[in-house]
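Asker: Chain residues, written in single-letter form:
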Amino acid sequence: MLDSLLSMFKKEKSGKVAKKRLQMVLIQDRASVSPEVMEKLRDDIIQVISKYMVINKSDMEISLENVEDSVALVANIPVQNMRHH
Amino acid sequence: MSEVIVITSGKGGVGKTTTTANLGVGLAKRGKNVVLIDTDTGLRNLDLLLGLENRIMYDLVDVTEGRVPYKKALVRHKKYETLFLLPTSQIKDKSAVNPAQLMVLCDELRKQYDYVIIDCPAGIEQGFKTAIAAADRAIVVTMPEVSAVRDADKIIGELGRAEKDNISLIVNRIRPQMVESGDMMDMSDIDDILSIKCIGQVPDDEMVVTSANRGEPLVGNPKSQAGRAYDNIVRRILGEEVPFMTFEKDGLFTRLKKAFGM
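As given, the protein sequences belong to chains A and B, one line each in that order. For what it's worth, our numbering labels the leading residue of the first sequence as 1192, then goes sequentially. For what it's worth, our numbering labels the leading residue of the second sequence as 379, then goes sequentially.
Hints may contain errors.
[To be verified] Once the Cα atoms are required to be at most 30 Å apart in a straight line, the calculated BS3-like pairs of lysine-lysine come out as:
#1 A/LYS1204 / B/LYS575
#2 B/LYS410 / A/LYS1210
#3 B/LYS450 / B/LYS532
#4 A/LYS1210 / B/LYS489
#5 A/LYS1210 / B/LYS507
#6 B/LYS410 / B/LYS507
#7 B/LYS575 / A/LYS1210
#8 A/LYS1204 / B/LYS389
#9 B/LYS507 / B/LYS542
[What the hints assert, rightly or not] Okay, the calculated bits of chain B under chain A, using three or more residues with CB under 8 Å as the criterion:
#10 530 to 536
#11 560 to 568
Hints in this document: simulated from the structure, not taken from any laboratory. All C-beta atoms, glycine included, are put in the ideal place defined by N, C-alpha and C.
Could you put the whole structure together from the sequences, leaning on the hints where they help?
Answerer: Structure follows, in structure tokens:
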């Protein structure tokens, strides 16, 4: 009883709630990339890295991940050998 | 220098067409030559808000398919003689006009008119892509509600991908009473979220409904807060520095009257 009474006073105004929720959801929305773009990015990364290293293309993984309140591009690219220039 | 402006939003019902009508009338009242193009093919309404629904002979699709020259399809406004409407077809669908066709048409219109304002359909599909193709500038209309703001963000992203970099925002249908009590986001909240410069904030105003009922846009009407807000936006489009207005809130008496439905 006392708790619910207290929470009534402490309850955040819905305008603030809306703003916070939007800021969170938009981080995810903005980071979502179409599969076609992801595929292009993957091809470009392969091209650049292949200049320096021999990589295992079939086992590589790239993805966008939400880390707390930001977004990270995470790539796992197995290297088989170095190219010597 | 003429300018092609697209009015867009993503979400339906936030006031794209109302905004288009008011900006068009406002610019014409200030002496500019203006063409308004309705691209909401199949769901046309701009004619109705301007009170021109009974004067339509040809439409956008007749023009883009080459059946008539654009001059023949333009409907001149009764009261504001420098304002013209190019209505769209009510029977065809969005696939009837493509981006290239609208670009050709707008390049023609640029030679004759100061402002070409394009009323965009809701959504992010072909109709949207056609509507934005020719635009130099985009005005995104949103409302202080979560769904409208999220959709505005999506539209801003799509505009960026289409290399439309001149984007400004109108926050429509603000309810000052709710903002004051903390139950509605205000312009600066939405500014923070979207990071796009605001060119106007328009309060929710019953006179927007009555003016639509009559087909007479209320821009510049001193009795209406929305009318004054739209006029401020027109002046900002023309390059004036206009401070943002503070909204009058209903007094206790008005609120009581509303509560009792008087």
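Asker: Does the alpha-carbon distance linking A/LYS1204 and B/LYS389 stay inside the 30 Å limit?
Answerer: Distance of about 25 Å is within 30 Å: holds.
Asker: Next pair to validate is B/LYS575 with A/LYS1210; report whether the Cα-Cα distance is within 30 Å.
Answerer: Holds - the C-alpha atoms of A/LYS1210 and B/LYS575 are around 17 Å apart, at most 30 Å.
Asker: For a C-alpha distance cap of 30 Å, please report whether B/LYS507 and B/LYS542 respect it.
Answerer: holds (12 Å)
Asker: Could you grab the alpha-carbon distance between B/LYS410 and B/LYS507 and see if it respects the 30 Å cut-off?
Answerer: holds (27 Å)
Asker: Quick one, are A/LYS1210 and B/LYS507 close enough, alpha carbons at most 30 Å?
Answerer: Given that 30 Å is the threshold and the Cα spacing comes to 29 Å, the pair holds.
Asker: Please verify whether B/LYS450 and B/LYS532 have alpha carbons no more than 30 Å apart.
Answerer: Given that 30 Å is the threshold and the Cα spacing comes to 37 Å, the pair is violated.
Asker: Check whether three or more residues of the stretch 530 to 536 of chain B sit with their beta carbon closer than 8 Å to a beta carbon of chain A.
Answerer: holds (count 3)
Asker: Using C-beta distances, would you say chain A covers the stretch 560 to 568 of chain B, given that this needs three or more residues below 8 Å?
Answerer: Holds: 6 residues of the stretch 560 to 568 of chain B have a Cβ under 8 Å from chain A.
Asker: Compare the distance between the alpha carbons of A/LYS1210 and B/LYS489 with 30 Å, and conclude whether the hinted pair is satisfied.
Answerer: Distance ~44 Å between A/LYS1210 and B/LYS489 Cα, so the pair is violated.
Asker: Given the hint that B/LYS410 pairs with A/LYS1210, does the C-alpha gap stay at or below 30 Å?
Answerer: violated (38 Å)
Asker: Are the Cα atoms of A/LYS1204 and B/LYS575 separated by 30 Å or less?
Answerer: holds (25 Å)
Violated hints, in rising order: 2, 3 and 4; the structure is consistent with all others.
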